[in-house]
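Student: Which chain is which? The protein sequence lines are A and B, in order.
The numbering of the first sequence is this note's numbering, which starts it at 1 and goes up by one.
The numbering of the second sequence is this note's numbering, which starts it at 104 and goes up by one.
Treat the hints loosely; a few may be bogus.
Unchecked claim - EDC-like cross-link-like pairs, simulated, lysine to aspartate or glutamate; straight-line CA separation at most 20 Å:
| # | chain 1 | residue 1 | chain 2 | residue 2 |
| --- | --- | --- | --- | --- |
| 1 | B | 202 | A | 94 |
| 2 | A | 67 | B | 177 |
| 3 | A | 67 | A | 94 |
| 4 | A | 54 | B | 194 |
| 5 | A | 74 | B | 177 |
| 6 | B | 251 | B | 194 |
| 7 | B | 242 | B | 218 |
| 8 | A | 54 | B | 174 |
| 9 | B | 202 | B | 240 |
What the hints assert, rightly or not - Example chain A residues on the side facing chain B (calculated, C-beta under 8 Å, incomplete):
| # | residue |
| --- | --- |
| 10 | 11 |
| 11 | 73 |
| 12 | 85 |
To be clear, the hints were calculated from the coordinates, so they are not data collected in a lab.
Fair warning: this is a prediction, and the values are worked out from it, not measured in the lab.
Just so it is clear, CB atoms sit at the ideal spot from N, CA and C, and this is done for glycine as well.
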Amino acid sequence: MADPMKIRATMAGDKVEVKVLMSHEMETGQRKDSKGAAIPAHFIQNVTATHNGKVVLSAEWGPAVSKNPFLSFKFAGGKPGDKVSITWTDNKGEKRTDEATVS
Amino acid sequence: MNNDRRKVLKSTGGMAVLGLAASAGLFKPGSAWAQGWNKDAFATKNMADTVKAMGGSGAAQSADIVIASPDIAENGAVVPFTISSRLPKTESIALLVEKNPNVLAASFNIPAGTEAGVTTRVKMGQTSNVSALVKADGKFYYTTKEVKVTMGGCGG
Numbered sequence: 001m002a003d004p005m006k007i008r009a010t011m012a013g014d015k016v017e018v019k020v021l022m023s024h025e026m027e028t029g030q031r032k033d034s035k036g037a038a039i040p041a042h043f044i045q046n047v048t049a050t051h052n053g054k055v056v057l058s059a060e061w062g063p064a065v066s067k068n069p070f071l072s073f074k075f076a077g078g079k080p081g082d083k084v085s086i087t088w089t090d091n092k093g094e095k096r097t098d099e100a101t102v103s
Numbered sequence: 104m105n106n107d108r109r110k111v112l113k114s115t116g117g118m119a120v121l122g123l124a125a126s127a128g129l130f131k132p133g134s135a136w137a138q139g140w141n142k143d144a145f146a147t148k149n150m151a152d153t154v155k156a157m158g159g160s161g162a163a164q165s166a167d168i169v170i171a172s173p174d175i176a177e178n179g180a181v182v183p184f185t186i187s188s189r190l191p192k193t194e195s196i197a198l199l200v201e202k203n204p205n206v207l208a209a210s211f212n213i214p215a216g217t218e219a220g221v222t223t224r225v226k227m228g229q230t231s232n233v234s235a236l237v238k239a240d241g242k243f244y245y246t247t248k249e250v251k252v253t254m255g256g257c258g259g
């Protein structure tokens with residue numbers, strides 16, 4: 001099981017600024033190990049952010065996104081105390097969901 | 104030694120089968136796959152093909168898209184990018200690195216109410232042009248800038 005995401009959701013003016021740091025190796029599938037065998041690709045493909053059940057951002061990622069991916073965005077309509085939930089799914093079907101409270 | 108080789112063969116064989124099964128559409132769209140992933144777009148080698156794979160016919164250059172990134176990235180494994188669009192009705196923002204093995208790095212869907220701007224970090228194999236591709240009101244727009252990479256981020 002992957003490590004939890006670090007999520008910060010803070011008010012920036014009238015918008016909520018969300019910053020997410022995920023823990024994932026993001027293996028490209030281009031690299032070879034010490035024996036010359038290709039290391040299979042293992043990366044996050046889908047990311048979805050929801051606020052009170054409504055999707056505020058969804059993303060499709062390729063293996064070019066850096067290891068331990070960082071993502072930041074802003075959305076309107078949130079207030080302190082609201083919950084922001086982030087889910088990612090990788091190419092092996094593993095997934096993880098974490099939640100943060102807007103402050 | 105022999106044992107190791109068998110393990111490697113076995114695991115890569117398994118991956119190949121899994122890949123085939125996936126591309127043949129044998130997986131039922133369960134919750135994990137529900138959102139979808141544009142496999143064709145992520146396999147493209149240039150922006151024209153990426154636009155096609157996303158359902159467009161071409162992209163126009165726009166001064167209303169801004170790429171904020173370092174001009175020179177010391178470490179190609181982690182290059183930060185902030186892309187913002189002032190185009191009305193921005194629906195999606197994608198980041199393309201021209202000289203990576205596959206150009207499309209990431210694509211973001213922007214629902215109404217969400218600011219048309221995202222920040223993320225991507226890998227760059229070498230100095231390359233980087234493009235932000237924005238879909239706004241059904242049309243595609245882009246802007247391009249060069250980012251120099253001192254040390255590549257895709258090597259072993």
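Student: Please go over all the hints and tell whether each is borne out by the structure.
Tutor: Tested hints:
1. 202/B x 94/A: violated (29 Å)
2. 67/A x 177/B: OK: residue 67/A and residue 177/B at ~16 Å, within 20 Å.
3. 67/A x 94/A: holds (16 Å)
4. 54/A x 194/B: Within the cut-off at roughly 16 Å; holds.
5. 74/A x 177/B: It is violated: about 28 Å lies between the C-alpha atoms, which goes past 20 Å.
6. 251/B x 194/B: violated (29 Å)
7. 242/B x 218/B: Holds, at roughly 18 Å.
8. 54/A x 174/B: violated (36 Å)
9. 202/B x 240/B: With Cα atoms ~29 Å apart, residue 202/B and residue 240/B exceed 20 Å; violated.
10. 11: violated (14 Å)
11. 73: At 5 Å from the nearest chain B Cβ, residue 73/A passes the 8 Å test, so the hint holds.
12. 85: violated (14 Å)
Checked against the numbered hints listed earlier, the structure breaks hints 1, 5, 6, 8, 9, 10 and 12; every other hint is satisfied.
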